[in-house]
Amino acid sequence: MLRRGKTRELNLALAHDLARFGGLIRVVGPSFESSALGVGGCEVPVVPETLAPLFEIVPVQAAALRMAELRGIRPGSFRYALQVAVNEAEFRPAAGVVMQSALQEETVVTSKHRWNARWFWYSMICVLCWGGWALLSKLGSREIPPETMQFLFTVGTIPVCLALLIGTHGRLEKSPHGITYGILNGILSGVGGLALFAAYHSDGNTSLITVATALYPMITVLLAITILRERFRFIQALGLVFAAVAIVIFSL
Amino acid sequence: MHFAPWLWYSAVTLVAWGIVGLLQKLSTNYISAESSLIWLVGGFLLLEPLLYPGLAVFHYSRWNLTWALLSGVLNALGAWALFTALKSGGKASIVAPLTALYPLVVIMLVPFVLHESITRLQVVGVVCALIAVLLLSA
Numbered sequence: 037m038l039r040r041g042k043t044r045e046l047n048l049a050l051a052h053d054l055a056r057f058g059g060l061i062r063v064v065g066p067s068f069e070s071s072a073l074g075v076g077g078c079e080v081p082v083v084p085e086t087l088a089p090l091f092e093i094v095p096v097q098a099a100a101l102r103m104a105e106l107r108g109i110r111p112g113s114f115r116y117a118l119q120v121a122v123n124e125a126e127f128r129p130a131a132g133v134v135m136q137s138a139l140q141e142e143t144v145v146t147s148k149h150r151w152n153a154r155w156f157w158y159s160m161i162c163v164l165c166w167g168g169w170a171l172l173s174k175l176g177s178r179e180i181p182p183e184t185m186q187f188l189f190t191v192g193t194i195p196v197c198l199a200l201l202i203g204t205h206g207r208l209e210k211s212p213h214g215i216t217y218g219i220l221n222g223i224l225s226g227v228g229g230l231a232l233f234a235a236y237h238s239d240g241n242t243s244l245i246t247v248a249t250a251l252y253p254m255i256t257v258l259l260a261i262t263i264l265r266e267r268f269r270f271i272q273a274l275g276l277v278f279a280a281v282a283i284v285i286f287s288l
Numbered sequence: 022m023h024f025a026p027w028l029w030y031s032a033v034t035l036v037a038w039g040i041v042g043l044l045q046k047l048s049t050n051y052i053s054a055e056s057s058l059i060w061l062v063g064g065f066l067l068l069e070p071l072l073y074p075g076l077a078v079f080h081y082s083r084w085n086l087t088w089a090l091l092s093g094v095l096n097a098l099g100a101w102a103l104f105t106a107l108k109s110g111g112k113a114s115i116v117a118p119l120t121a122l123y124p125l126v127v128i129m130l131v132p133f134v135l136h137e138s139i140t141r142l143q144v145v146g147v148v149c150a151l152i153a154v155l156l157l158s159a
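Here the protein sequences line up with chains A and B, keeping their order. One point on numbering: in the numbering used here, the residue at position 212 of the first sequence is 248, and numbering is uninterrupted. One point on numbering: in the numbering used here, the residue at position 107 of the second sequence is 128, and numbering is uninterrupted.
Simulated from the structure, these hints should not be mistaken for lab results. Errors might be hidden in some of the hints.
Listed next, the in silico DSSO-like pairs over lysine-lysine satisfying Cα-Cα at most 30 Å (straight line) [claimed, not checked]:
| # | chain 1 | residue 1 | chain 2 | residue 2 |
| --- | --- | --- | --- | --- |
| 1 | B | K46 | B | K108 |
| 2 | A | K210 | B | K108 |
| 3 | A | K210 | B | K46 |
| 4 | B | K112 | B | K46 |
| 5 | B | K112 | A | K210 |
Just chain B, with the same shape it has in the complex (with noise of 0.2 Å):
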């Protein structure tokens, strides 16, 4: 086995956001999920000063940049139609594994936009990957 960098920098993110699952079950006890979306952008904010580019930040392309922005954008969008289906009578057990299948929309668009391919064995490891987050978030 060998970890190349993306896989430590996944298993980082994994962690990370594994424990925010868990935390985010336990602050639904306190308060709505809308709230917490909320907060959690004010933590999000706390962290702000500590990665401010300056104005290193205008070399950058103009597409890219927007490409950043846009990304905050759709994913906080994402997450308040998350919170709206489940509001609209969408069961949690089945509006969760649907919404974990994300990445499936990247797997299908990545060869179109970034000319980027994936091995057999690989395909494997993605089918039992999503096979995964489907069982786990159930």
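Excised from the complex, chain A in its bound form (with noise of 0.2 Å):
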């Protein structure tokens, strides 16, 4: 379904993903969106974009509502993945999706309250165990030289990753660019905390250091748009501004 909206490049790109993967591509749409795929799709008349969802995601899901009751698949029910998560917050059904509701009731997992929400706890978790990480590093850096810091930080990582592995059963994923950029993220990644921990191991301050080395997402964004052409938003040109000025002040 492509509409013309704000979503049409993410269907767009869910497209050539699924059709990367050997899947079948139908646009349902304007006439002159399937010509543009060159595919085959199903013709549907130009509308006001508030309407098109009526056009063109409420027959198709009555279609697949039919077909799986014709193949004895219960609508809704998750078969090849666990879940899917849906924010009950930003979850407001709009005209076209009143029917997905009654199909989706299951997919609203999220916890209303977030104190209870379990990955709030579990990001609690993360938050401690990366602040025990840079204040176990400092304090090992303060005799360790960085190099050797590494080599030990990199020892402590195995047990974890063992653990992981047996949790997954051993089903690690082996799709060459996958392996390719995992393996050259952790010689970066080893360069950078190299960097870190010489930082530490030098007569700076922990707590200026933890945080001006916690600004990398400014380059990840900075990369993203430049390389990626990820659309530059207006909250990160704000992170930005902040970030260098908080760059500025600790070069003071």
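Mind docking these for me? Both chains are given alone in their own frames, and the hints should help you get the complex.
What follows is the structure, given as structure tokens:
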């Protein structure tokens, strides 16, 4: 379904991904869309964007529901994935989604209150672990030089990795692209780690070093915009300004 | 402006990890976050022969060696907790900024553990950096 609205680019990317893995693509939308993509289509009239879901989504879902019944599949059940998380706060049924909401009842799994949501506590565990990692890195670096710190740090990550491997029953994905990126990430993370240990080994202030190195998303955002051509959002621009101010203050 | 040695080192970390952030986005197009972490440690292991300290490692104090090893354990555990948070229905746009606030733990503990302090101006810098981290990882 290729609406011309805000999600058009996302839908296009999804279509290309599906095609890349051998999926069959059919465009439900105005005929010029299917001819532009060079695939078969199911033509529907051009309507105002707000009405588009009625024409483009509801018929497809009605057909899917009927087909599922004919094949004895319970609609809305998860067969290939555990769950799809939908945040209730942002789940506002629109005209075209009324039918969808009946199907997706089971997919709304996010807890209403952040405090009793499991994801929140896992996030807190993450914060505490990473806080502990930074602090212990400093403590060790007072005496141990950066190279040895990185060597020992790596030894420390191995048991967790083994536990993770056992937890996934040894199912390690072996996509050549994935492996290349993963290993490259490891080497770059290692270089970053070495520099971090060097910073801690110098007489720099621990809080400032930790905060300054935590600013790395600024580089990711800049690279994503320049290399991946991602959209530059206002919130990111604001973030970059704050990061720049922080770095200038640290250098005074 | 004066870039002290620690700031230069931090800049190297910033750039290296910034690129990692981008590659991580690309790697999870092909493999799961868990597999990505395991291959990442594979990359760490490739560096090990270059970093091998030999028997010199036993000259360091037992406590400092423990901290170094534990820092590796905690870092990997943190990554595991992050993946689990995302799999338990946490939205990336909330979980990522929340977990990026880990320096707060350090800032709160440093005065007690290391007896270091920062100037008022540096506090402003820290606050700006934390706001930046929140906005950039949202």
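Hints and how they fare:
Only pairs whose Cα atoms come within 30 Å are accepted, and B/K46 paired with B/K108 is accepted, the gap being roughly 16 Å. Under the criterion of a C-alpha separation no larger than 30 Å, the hint pairing A/K210 with B/K108 is consistent with the structure, at around 21 Å. With a C-alpha separation of about 17 Å, the suggested pairing of A/K210 with B/K46 holds against the 30 Å cut-off. A hinted pair counts as satisfied when its Cα atoms are at most 30 Å apart, and B/K112 with B/K46 qualifies at roughly 16 Å.
Under the criterion of a C-alpha separation no larger than 30 Å, the hint pairing B/K112 with A/K210 is consistent with the structure, at around 27 Å.
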